[in-house]
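Undergrad: Below are the chains, spelled out letter by letter.
There are 2 protein chains.
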Amino acid sequence: MSKKAVILLSGGLDSTTLGALAKGEGYSLYALSFAYGQRHGIELARAAEQAEWLGVEEHKILDIDLRAFGGSALTDDIEVPKNTHVKEIGKSIPITYVPARNTIFLSFALGYAESIGTGEIFIGVNALDYSGYPDCRPEFIESFEQTANLATAAGVEGKKIKIHTPLINLSKADIIRKGLAFGVDYSKTISCYDPSQSGEACGECEACILRRAGFERNRITDPAIYAAAPLNKKTA
Amino acid sequence: MSKKAVILLSGGLDSTTLGALAKGEGYSLYALSFAYGQRHGIELARAAEQAEWLGVEEHKILDIDLRAFGGSALTDDIEVPKNTHVKEIGKSIPITYVPARNTIFLSFALGYAESIGTGEIFIGVNALDYSGYPDCRPEFIESFEQTANLATAAGVEGKKIKIHTPLINLSKADIIRKGLAFGVDYSKTISCYDPSQSGEACGECEACILRRAGFERNRITDPAIYAAAPLNKKTA
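Those protein sequence lines, which keep their order, are chains A and B. The opening residue of the first sequence carries number 2 in the working numbering; numbering runs sequentially from there. The opening residue of the second sequence carries number 2 in the working numbering; numbering runs sequentially from there.
Everything hinted at is true.
Derived pair list, reagent style DSS-like, types lysine-lysine, alpha-carbon separation capped at 27 Å:
1. Lys-92/B to Lys-160/A
2. Lys-161/A to Lys-24/A
3. Lys-92/B to Lys-161/A
4. Lys-163/A to Lys-163/B
5. Lys-61/B to Lys-61/A
Calculated from the structure, these hints are not laboratory results.
Using the sequences plus the hints, can you model the full thing?
TA: The following block contains the structure:
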């Protein structure tokens, strides 16, 4: 029987690639997504499609309303920043940061992992072509892993909890190349912070800019549908 | 203006005493409770009463269904252990342990704290007269605090996150004495893992046994209403 792993799956470019990598390593996957009050509900539809493509054992979607706290452009009625120059992205923490989001997501992944009897958790954080969120950095992940081992019965009993972050030091272009090698269909992944009701990506938020630049560096056309004009020199 | 603090409030003996202590230190309180699928919904009614008594600025009750994972007698249809000898309690991790519960609760407290602009979080964990849950121990709390400082914009910007655990090294008897000094009405707190529909404590689960022994050591009658016979030598 293959080893079980919990994977945090948003249906975006990174987490879908992550799923393909984990599956490639022989894990049987238990996917976890969150309805956390994000503006872009299309995420969850994409997550479900990708979970199916990945052939996961189980896909849980938990309802946790982070709008109860507010304070982020991803959950509140605050404008998502657009057309930031790609070189400026990640230099400070933007308004799209959701307080404690990855700590909350990883905590649930930990509970899920413990309940299915595994210590393997995959999260698609990236600290290179990213928006500068503190909870995507390696030092955060290492510290969470340590906490997880102290938090759980599994950890206490010596069954080590491991937080896998195979994308953390990859460029967006590298992530895309790896995903394509595993057959990921990026037309069915959504990265945009501010998509239209019908699921078109805006093309101008930080997530879109990083994604488009990643495809461009690979000289591949991004198969996502964008509402905005093609990427130009101003942003790439 | 007094300093804000987030307090995890279950409406039990420990968290109510915790609230009284934090208020006594001059904090203005932001209480956080969870509807997490616990068997004993009476908890949330008690939490609301105690929040009112404490005069909190705000009381949020978040809906997070930990039954989605299962694996605990507190959320599933698994029998709660009864009549464990008080000296045996805490020596191993019992079936009432909920995987990653305090990690999840503290993660939400962290998000709440960051959104209201404070780094002060109070949790009523106790590692002395307790059920042996790994996520009540000082080493877990210290590690979570470190993670929290790496996880958040506040932490990165140098606004330190502090997890306050004033009860962690107190005996149950000491906690009760402190609470009484602050005027806590323990008849309105619920500790039982398995109360009746009408809110009577069972008197025989580990939480009841520890509570009753704490009152007995203080030679005070526990004002809680118990379904079982008075505490006897077998358990105390």
